[in-house]
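Trainee: Next come the chains, spelled out residue by residue.
Number of protein chains: 2
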Amino acid sequence: MSRKKNIDLEQTRLNILKVGLSLLEQKGFNATGIQEITTIARIPKGSFYNYFASKEEFCVEIIQFYTKTRIEEWENLLEAEDKGDPYLALHAAFIELAIGYECADPKTGCLLGNLAGEISEVSEDCRMALQDAIGKFKKILELRLLWGQQHSKVRIDLSAPRLADLVWDVWQGSLLRMKIEKSAEPVRNTLETLFEKMLLP
Amino acid sequence: MSRKKNIDLEQTRLNILKVGLSLLEQKGFNATGIQEITTIARIPKGSFYNYFASKEEFCVEIIQFYTKTRIEEWENLLEAEDKGDPYLALHAAFIELAIGYECADPKTGCLLGNLAGEISEVSEDCRMALQDAIGKFKKILELRLLWGQQHSKVRIDLSAPRLADLVWDVWQGSLLRMKIEKSAEPVRNTLETLFEKMLLP
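Chains R and P supply the protein sequences, listed in that same order. Everything in the first sequence is counted per our numbering, starting at 1 for the first residue and increasing by one. Everything in the second sequence is counted per our numbering, starting at 1 for the first residue and increasing by one.
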């Protein structure tokens with residue numbers, strides 16, 4: 001196959017992933033149809049299966065694509081906010097995220113949390129992809145919380161992995177409430193509760 | 001209409017709700033089909049619409065039915081555990097819930113959290129039913145946390161409603177991780193983090 005054809009296939013594949021991600025963020029896995037994806041991506045419906053073996057495999061790739069993209073954004077944000085204090089940068093990055101949610105319409109929240117509720121029981125492949133993705137995000141949290149503990153900025157009566165679990169869980173819970181209340185107030189309040197009260201030494 | 005016929009209709013309706021709830025807990029809203037519900041409930045497919053105007057209205061009623069049932073169970077559990085300390089009863093009731101999740105297979109988690117991720121953006125009626133349901137659960141938490149604050153068992157640097165938000169959010173987040181990790185360890189750890197560390201004065 002020629003190099004140009006390979007690049008074209010890769011671009012189409014990426015386009016389908018982007019369209020699929022946008023639909024999955026808004027409507028979830030089951031309400032998103034292949035027909036809708038292919039119509040928006042402007043490809044014949046049948047050709048979807050040239051790129052992905054099944055809708056389930058497609059969803060696994062969407063989870064990986066979302067995770068890679070968001071972790072890059074997250075790392076860039078953390079780097080931009082880092083003024084020699086990786087823990088302060090974590091707080092600042094969360095504030096940036098919350099500001100983003102403030103403006104977002106619709107407030108889709110986190111794809112990982114939304115899919116966890118919807119498909120953990122019905123697709124083992126998707127469940128494992130979600131587990132892997134969340135592990136990556138929690139590792140970022142854990143390292144910065146550990147730094148905070150080592151520099152007397154974070155309580156030390158709980159391990160950094162346990163604190164990372166807390167931050168991840170409460171963040172996901174507040175994102176669900178954001179969707180239900182149609183307001184970013186739950187995520188703003190959660191940040192205040194965590195960083196100004198619960199995580200302090 | 002005769003009294004007997006009314007009772008029959010009400011029993012069929014209740015049966016459809018129970019079947020629907022079980023399916024929605026496992027598979028979510030979109031993956032649950034009317035055909036599947038009516039087959040398990042042993043009624044003709046078309047007659048579903050004698051009981052519910054639409055699948056969306058059905059989902060609203062499932063949310064209300066789930067909330068009423070769970071709140072009754074929750075209140076009974078709290079009452080059984082209450083030995084003159086409503087806050088201690090709250091902790092004990094959560095431990096009971098966690099033990100239940102330990103044994104549950106599949107680990108469906110909380111219908112409200114699962115649906116929040118899946119349908120908040122697509123059904124305004126369901127979103128409002130979820131908001132109403134969560135408000136009821138949070139009120140129970142809030143009153144017992146307030147009692148704990150008034151009796152020096154719970155920290156007072158955050159209001160009881162704010163602490164209720166924290167407990168609700170972290171619980172929902174840990175239920176999502178329970179589904180993803182196929183283990184009740186996240187909910188056990190969350191209870192320990194909350195009741196033995198974060199909520200203390």
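No lab work stands behind these hints: they were computed from the structure. Honestly, I wouldn't trust all of these hints.
Heads up, the list lumps identical chains together, so a pair's fine if it works in one copy or across two of them.
Pairs of lysine-lysine residues, derived as BS3-like cross-links and limited to a Cα-Cα distance of at most 27 Å, are as follows [what the hints assert, rightly or not]:
#, residue 1, residue 2
1, K136, K107
2, K139, K182
3, K153, K136
4, K27, K4
5, K136, K68
6, K107, K4
7, K197, K68
8, K153, K4
9, K83, K136
10, K182, K55
11, K197, K45
12, K68, K4
13, K55, K27
14, K45, K136
15, K139, K68
16, K27, K182
17, K153, K197
18, K27, K197
Trainee: Could you tell me which of the numbered hints above are not met by this structure, giving the numbers in increasing order?
Mentor: Hints 4, 6, 7, 8, 11, 14, 18 contradicted; others consistent.
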